[in-house]
Amino acid sequence: ILNVEQSPQSLHVQEGDSTNFTCSFPSSNFYALHWYRWETAKSPEALFVMTLNGDEKKKGRISATLNTKEGYSYLYIKGSQPEDSATYLCAFGGGSYIPTFGRGTSLIVHP
Amino acid sequence: NAGVTQTPKFQVLKTGQSMTLQCAQDMNHNSMYWYRQDPGMGLRLIYYSASEGTTDKGEVPNGYNVSRLNKREFSLRLESAAPSQTSVYFCASSEAGTSKTQYFGPGTRLLVL
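Protein chains in written order, with our numbering: chain E, 1 to 111; chain D, 112 to 224.
Think about it this way: if two alpha-carbon atoms lie no more than 25 Å apart in a straight line, the pair counts; the simulated DSS-like pairs of lysine-lysine are:
no., chain 1, residue 1, chain 2, residue 2
1, E, 42, E, 58
2, E, 58, E, 78
3, D, 168, D, 182
4, E, 57, E, 78
5, E, 42, D, 120
6, D, 211, E, 59
7, E, 42, E, 78
8, E, 69, E, 57
9, D, 211, E, 58
10, D, 120, D, 168
11, E, 69, D, 211
12, D, 211, E, 57
13, E, 58, E, 69
14, E, 42, D, 211
15, D, 211, D, 168
16, E, 59, E, 42
17, E, 57, E, 42
18, D, 182, D, 211
Read the hints as simulated data drawn from the structure, not as lab findings.
Put together the whole structure using the sequences plus the hints.
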């Protein structure tokens, strides 16, 4: 079982704060790194897939960076809003056929 | 375009009962997956099917069986339900390959008494 770690496990911020969290993964045999957003009582939805070292992706106020050599990806949220409250999952795509998910970072944005 | 559908949405079973969770996708994806979600554990892979006619165990396969009925459908069976199988079950599908995005169904909430 591959070691995909997400930190912190949970995060509480105030509306308007910018925040970031980390996904750590094996630095060898890298194919792709996925980020998903998972709202309570819904199903996970894809945010980004990154395949190249140095990739940066952006969707609105959310962006992500990738460092495959050291095995980490950061997800940033600028000016957090209550609707950003969700669990953010990363999934590492390595040499095996299917990606391995981390346990997620739970973000709660307080109005 | 329905995407990934799952039935039932919610089920209550008694210990020892059996049931089958159904999943279907209309995106012509080769690969399909079954996950369970438990508090603090994220998503754990139960079984997956890389393509029609093949199935493989994931991280937590004990107590489950699967059938890839055709390209569209992938079912999960609990032969003798146990309280430890109380969970939310998600089906997902994707194109083949580890870099492909997975699309998830709405989930089935299962309570085993």
